[in-house]
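Novice: Chain by chain, the residues run as shown.
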Amino acid sequence: MFLKIKHFKRDFNKWTLLIIVLSLFLAIPIFSILISLFMGKGEMWEHITSYFLFDYIKNSIILVFGTGLLTFSIGTSSAWIVSKYTFRNKKIIEWLLFMPLAIPSYIVAYSYVGLIGNGGTFIEIFRDFGVSINRIEMMNIYGLIWVLSFSLYPYVYAGTRTIFQSYPSQLKHTASLLGVSNKKYFFTVALPLASPGIIGGLFLVFMEVLNDYGAAKYYGVNTFTTGIFRTWTALEDLQSSIYLSAILVVLVFILVLIIKWLRGRRFYNLKQNNTNQKNYNNRDKLSGLKKIIYLGILLFPILFGFILPLIQLLIWGIQTFDLMFNKNLIILAFESLILGLSTALFVIFLACILIYLSKWNYLKQFNVFSKIATLGYVIPGAIIGVGIIKTSKSLTDLFSFQFNLEIGDLVYNSILVLIYAYVFRFIAVAYNSIEGNTLKLSKNLSESSYLLGYGKIKTFFKIDFPLLKNALLSSFILVLIDVMKELPLTLILKPYDLSTLAVRAYEYAEDERVAEAALPALFLIFLIGTMITLLNYKLKEKKQ
Amino acid sequence: MKILEIENLSKSFESKFEVVSDCTFNIKSGNICAIVGESGSGKTTLFRLIAGLERPDNGSIRINGTLMSNDKFIRDIKDRNVGLVFQDFSLFPHLTVKENIEFGLKKNKNEKVEKLLRTIKMENFPNRYPNELSGGQQQRVSLARSLAMDPELLLLDEPFSSLDTQLKSKIRQDLKEIIKKIGISSVFISHDIIDALEIADEIIFMDNGKIIRKCLTEDVFNEIEDEKIQNNMFELKRNAELILNAMKNK
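Protein chains in written order, with the numbering used here: chain A, -3 to 540; chain B, 63 to 312.
None of these hints come from the bench; they were simulated from the model.
Possibly wrong hints are sitting among the right ones.
As the list claims (entries may be wrong) - Now the in silico label distances, taken between C-beta atoms and shown as ranges:
{"#": "1", "chain 1": "B", "residue 1": "Asn193", "chain 2": "A", "residue 2": "Ala242", "range": "52 to 62 Å"}
{"#": "2", "chain 1": "B", "residue 1": "Lys134", "chain 2": "A", "residue 2": "Leu412", "range": "41 to 51 Å"}
{"#": "3", "chain 1": "B", "residue 1": "Asn93", "chain 2": "A", "residue 2": "Ile368", "range": "44 to 54 Å"}
{"#": "4", "chain 1": "A", "residue 1": "Asn363", "chain 2": "B", "residue 2": "Asn189", "range": "47 to 57 Å"}
{"#": "5", "chain 1": "B", "residue 1": "Cys277", "chain 2": "A", "residue 2": "Leu258", "range": "50 to 60 Å"}
{"#": "6", "chain 1": "B", "residue 1": "Phe75", "chain 2": "A", "residue 2": "Phe395", "range": "46 to 56 Å"}
Ideal Cβ positions, reconstructed from N, Cα and C, are used throughout, including at glycine.
Can you build the whole structure from these sequences, using the hints too?
Specialist: Here it is, written out as structure tokens:
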């Protein structure tokens, strides 16, 4: 089939071969799951379909749509206000609106139970003031929607804000001249034009919701991810967990198709304000009642997504400080950071390789392989973990039976396998971000370098790399944040003697020692919060 | 002697529409040749095929007798000894004027760069960055950068399109002077016939991916059988008359 491609022999080169090999290597977990589907159902499959499968499907759908609705409302309203208005302390509020990303959703889940659950902090405070209030039952699907929404709205906020801020001022002026009210302008012009950013943000939210394990487990909500874990660990049926994974992958791809359909054929190429023109895109100053309401809208997600959970964690942290703060916790934080840094470095390196192999490869039909390698982000961590376990088992059996070699230690209990899994899961984050920036570079620059006698790799280091430095750093930080927060994949694949802050916090919470989970969580939040602040600063610097 | 020989050259992209269709022509060594046509006529794709930045579907390209590409073989871009000045000049933004010009040089850098800076009259600006230069200055630096490699063939993609109309005539003459002084064979593309008439020795007319006519510049006004060329000539004449009338009425 490939030989029938015109000029196949002439145009096939080492870059084409490399892109195929690298992409297939990275996509091993997907192939592993697909192949396993043909090996028959597991022993517990009938039991799962009879008692659990409907719940997994129903709850996953409710979670996706519930969280989608709430994050859409919070994200777009916040993005609109910060884009269109100016007010005191705006820079701080803009920074705080990102900060919920610093707290992993399962940690937010623990905090809320600590705040308003039985004997919760708020309950006790009110009781001290003589006011008796009932606990609020969070540990159900609605509580989970609340927690996930306030954790994940920044994805919608970020994408939407970028688009709102890029509108040329002529749009609003044109609407005003046509007698269109602000409200009508928002719903009929601004919001539709921001739909790519909104849809992009919602897509990330959906993927995170389906990937969530810790929060759903803690709140006792049966989802696909908790089901995959339970089937593999409690029921000891790897094959059935693979079947569940396959169904979840189908659900994910249905979501992807819905997203594609929502995006449609729309392509908005809003002409940016020419730097030679005056910028008439002045923001209105908030005042009076409008100021109170709009600031309230902005502070609402900050309060429920960041401040309240943080307060609860700080209270627990103080209560357990003497018990928990020790040398081991510092070492754990350091090891988590090192793992995150080394993984992020690998991810950036491999993402660059995939992107540039696609550019250098003359047979563009083969670039589809690099897209396969970036599917990891749409596949929940639990599925990747199961896929890798399955591959590891197959490899171990193969080497044992065929070559009489025991390679168990290489493929199980290995940090390299964990890093490989992270790379597969998060390479899309770096790939999409870096690729977007390479597209902004005129290809004439690299072509000029080729014409001046430089080869492709030398051109990358001499021309592209210096111009992409900031984009690479931003992508590095994004991946680092994701790796440090990742839970399901780490739980499945971490070596026995390795732990991370995320895992340690989870383990304490699972042991009903939620207060003791606070310090590892706070360390994690501090590290991630620093990364987010740095990223925010870099993005602002780039804008200037 | 022929510096460029193109035979049955064709190229189509995903749309299956032939952007360059069965082009055959050659260019005499030492000449400045202009390829003229409207937007979308295939000029830029033809250029990119000659430079090796696109891979042809059919046909062959020879530069100074050396095979560059055919159905079975494609010479790498860096081995073609072709210089190309892009329409947007493509100066490396993070490098100075001097660093841009010496980018491709391996030896005798300083000597060569100084000589080229004098040639393009930029000897006072070696440490400026591209964003600190005017359009005309950027073009000259881009030209010098290509000339530093002693290419056998120099390609210029719409060299005058991004320049102010008032400066165009001066820049055209400056460019012609530099090219003739160095004695390099050049091809440039333009949608404006006046560019071609002012500085080219020969002109190739292109339309819908095809070569419709090739002739010496002095013969252009005699070669007006083809309607496409005729339209170009009439536009030129019409504008020239309008300008002349406006000046007369002042």
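Novice: Of the numbered hints stated previously, which ones are contradicted by the structure, given in increasing order?
Specialist: The structure conflicts with hint 4 only, although it agrees with all the remaining ones.
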